[in-house]
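*Asks:* Below are the chains, spelled out letter by letter.
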Amino acid sequence: MSIRATKQIENSPLPGGPAFIQGNEAIADAAVIAGCRFFAGYPITPSSEIMRRMIERFHTLDGRFVQMEDELGSIAAVIGAAWTGAKAMTATSGPGLSLMIENLGYATMTETPLLLVNVQRVGPSTGQATRPAQGDVMQARWGGHGGFPCIALAPSSVQELIDFTIRAFNLAEAFRTPVLLMADEIVGHLRENCVFPEQVEIWQRYYAPGEPPFDTDHPSLVPSMPKFGDGEDLLITGSTHDARGLRMASSAEVQARVSWRLHEKFERGRDEIVRTQHFGEAQPKLLLVSYGGSARAARQALTRLLDQGRDAGLLKLDTLWPFPEQQLQAAAAKADQVLVVEANCGQIVLEVERLLRNGPRVTAHLRHDGEAITPSEVLAAAEAL
Amino acid sequence: MSERLLTQYPEELRPEAFPTTFCPGCGHVPLMTAIFEAYRLKGLKLRDTTFVSGIGCASWIPSPHFKADTLHTTHGRPIAFATGVKLAAPQRRVMVISGDGDLASIGGNHLIHAARRDVPIVAICANNFIYGMTGGQVAATTPLGHITLTTPWGNEEPPFDLCKLVLAAGARFVARWYVGHRRELIETIAAALDHEGFAFIEAISLCPTAHERRNKPRGMGVTKDLFVTIEQAQGMTEQELEPKIVCGRFAADSTRRNK
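Chains A and B, in that order, give the protein sequences.
Going by our numbering, the first residue of the first sequence is number 2, and it counts up by one from there.
Going by our numbering, the first residue of the second sequence is number -7, and it counts up by one from there.
Don't take each hint at face value.
As the list claims (entries may be wrong) - Here are some chain B residues pointing at chain A (derived, C-beta under 8 Å): (1) Leu33; (2) Thr42; (3) Lys59; (4) Thr62; (5) Thr65; (6) Ala74; (7) Val77; (8) His187.
Unchecked claim - Below, computed lysine-lysine pairings styled on DSS-like, alpha-carbon distance capped at 30 Å: (9) B:Lys59 to B:Lys34; (10) B:Lys59 to A:Lys228; (11) A:Lys228 to A:Lys8; (12) B:Lys216 to B:Lys34; (13) B:Lys34 to A:Lys228; (14) B:Lys208 to B:Lys156; (15) A:Lys335 to A:Lys286; (16) B:Lys37 to A:Lys228; (17) B:Lys156 to B:Lys34.
Honestly, the hints are just simulated from the structure, not real lab data.
Remember, predicted model here, so these are calculated numbers, not experimental data.
Where a beta carbon is used, it is the ideal one built from N, C-alpha and C, also for glycine.
Generate coordinates for the entire structure from the input sequences, incorporating the hints supplied.
*Replies:* What follows is the structure, given as structure tokens:
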């Protein structure tokens, strides 16, 4: 499937090479490398270091920063900025994501590219602000009213925070959509060795003057995106709209087309969007499935299982949404047991069960007490199967 | 109404937005044309402005009627969206046009913070004292005693004075006119377009469908008699002023700049 975003290799505005840096700071640096020059945010633990670092970076790179009055306003300002042509982002944690979800739906409906970083903490509600969890992964997919799809990435290391942040901006531009970077407190506050790129591939949104900005017959289903001042007399609305943006308050035909296309453009883009990593045996008898901070423990446990001579492997989900359906089914093709490792009360395991019904036995090692899952727990869970 | 408007404002209006959804007698139509007249008075093109609105009848004034860039956003948030537009593209004019429910109730927080920050945008609040689009529920601006769908025996909650609210939050350009004060409203919008910081205009509008229908028969409708100017108010007693709405420009102090 052809993507119409312009792809260009660019020099990083920051020094490349090895670094020892905190995860949240790495997100901010990677964002400015990806071309982000607008940030609106509201303080929340454990994501606040991202905002602080952006201010420092924007000071020399001529970016625009505003600390808004709340999270509702933060993502609203980001969407407004995105339509001026800027690459724009915000960062938050679960309670803030809850407040942003209304305008996340608006951004999806209006096909506005932006990055939303969610450094997850344990909940529900205020929960424990400094303790890790992965409790928002279903909220990312299903939190908004009306039902809309999303792109969500799950980084497991500081290096992946850098790589995935750059990739998230590129995907946002290519698919004209908000992208969620579903980090967690483990990786956000982790300090670790990493390498910053000297050069990066940067994607820019496709724009062809005069083309309808809200529908297209192009196979990618991603329309042209003008910006304010291009003379296109933009009609941008969260109401159901036709190809030119004109509100269509009661047309079933237009409503069906909008609903279908917003979902289908991600389905057609799966090859570009969906990424997984595989460790250990390619099609093992015992398959571990994990993502984000928890995948670190799963990977350690896998090493010990392989040392024991077990026929085991780990599928690490770098993309959470759209869900890596084929990758999971291929990895589990010869499995008797699938063990999902995640820091919540059972969320991605539901997706795994759905996709592997009538297949291997699916169980989960879950933890939702604000503590990091440890390798020895995962090992014990695997040995008990 | 549609044909006359399109003939009068061919540069400003999109034909595809017609027939308009505004009810006959809606105060938002004279407000819309007052905005056009202000742009003409200043020799400015609508196209150089991004018009941002929220949810409700007043938000449909720019979207889809205006032949310009329009951003029709979520309920209560247009000022926050506009803040992002203005900050990222400072060379563009940004105007928010929304209703009292949108800007003063659900979006009240963004309103006071934009005033405090002195975000250089023009915000016009079309205040018709009611939630018109949803059928006429009580608003944070509904006067005491007025009949609405959710206050069938009269509103018991005191309303906001939006101009006082925004003044207290730090805005330096604050004005109020009835849409029937045509010349004054046009001149005030034109002056707001020259203002460097946050400019707030409360345009008292009419909702014949949801507000006037219930209140006019009781002598509580919106007519010109309801309004006095700041100058007229100075010679009036508190008792005389009590049922009146004071119109004019409340602040034009350009000495204080936040940034």
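*Asks:* Now, for every hint given, state plainly whether the structure supports it.
*Replies:* Now the hints, each set against the structure:
Interface hint at Leu33 of chain B: violated, since its Cβ lies 22 Å from the closest Cβ of chain A, which is beyond the 8 Å cut-off. Because the closest C-beta pair between Thr42 of chain B and chain A is about 5 Å apart, less than 8 Å, the hint holds. For Lys59 of chain B, the interface hint holds, the least distance from its beta-carbon to any beta-carbon of chain A being 5 Å, beneath 8 Å. Annotation: interface hint on Thr62 of chain B holds; nearest CB of chain A at approximately 6 Å, less than 8 Å.
Of the supplied interface hints, the one on Thr65 of chain B holds, with its beta-carbon coming within about 7 Å of a beta-carbon of chain A, less than 8 Å. The interface hint given for Ala74 of chain B holds, since its Cβ lies 6 Å from the closest Cβ of chain A, which is under the 8 Å cut-off. For Val77 of chain B, the suggested interface contact is upheld, since its CB lies about 4 Å from the closest CB of chain A, less than 8 Å. Interface restraint check: His187 of chain B against chain A, minimum CB-CB distance 20 Å, threshold 8 Å, status violated.
Between the alpha carbons of Lys59 of chain B and Lys34 of chain B the distance comes to roughly 18 Å, so the proposed pair stays at or under 30 Å and holds. For the hint linking Lys59 of chain B to Lys228 of chain A, the alpha-carbon distance of about 15 Å falls within 30 Å, and the restraint holds. Proximity of Lys228 of chain A to Lys8 of chain A is assessed by CA-CA distance (about 19 Å); at most 30 Å being required, the pair is judged to hold. Taking the CA atoms of Lys216 of chain B and Lys34 of chain B, the gap is about 27 Å. The hint holds against a cut of 30 Å.
Taken as a hint, the Lys34 of chain B and Lys228 of chain A pair is honoured in the structure, with Cα atoms around 25 Å apart against an allowance of 30 Å. Of the supplied pair hints, the one linking Lys208 of chain B and Lys156 of chain B holds, its CA atoms being roughly 26 Å apart against a limit of 30 Å. Between the alpha carbons of Lys335 of chain A and Lys286 of chain A the distance comes to roughly 6 Å, so the proposed pair stays at or under 30 Å and holds. Distance restraint check for Lys37 of chain B and Lys228 of chain A: the Cα-Cα separation of roughly 18 Å lies within the 30 Å cut-off, and the hinted pair is therefore satisfied.
Restraint check: the Cα-Cα separation between Lys156 of chain B and Lys34 of chain B comes to about 28 Å, which is no more than 30 Å; the hinted pair holds.
In summary, the structure is inconsistent with hints 1, 8 from the numbered list given earlier, while agreeing with the others.
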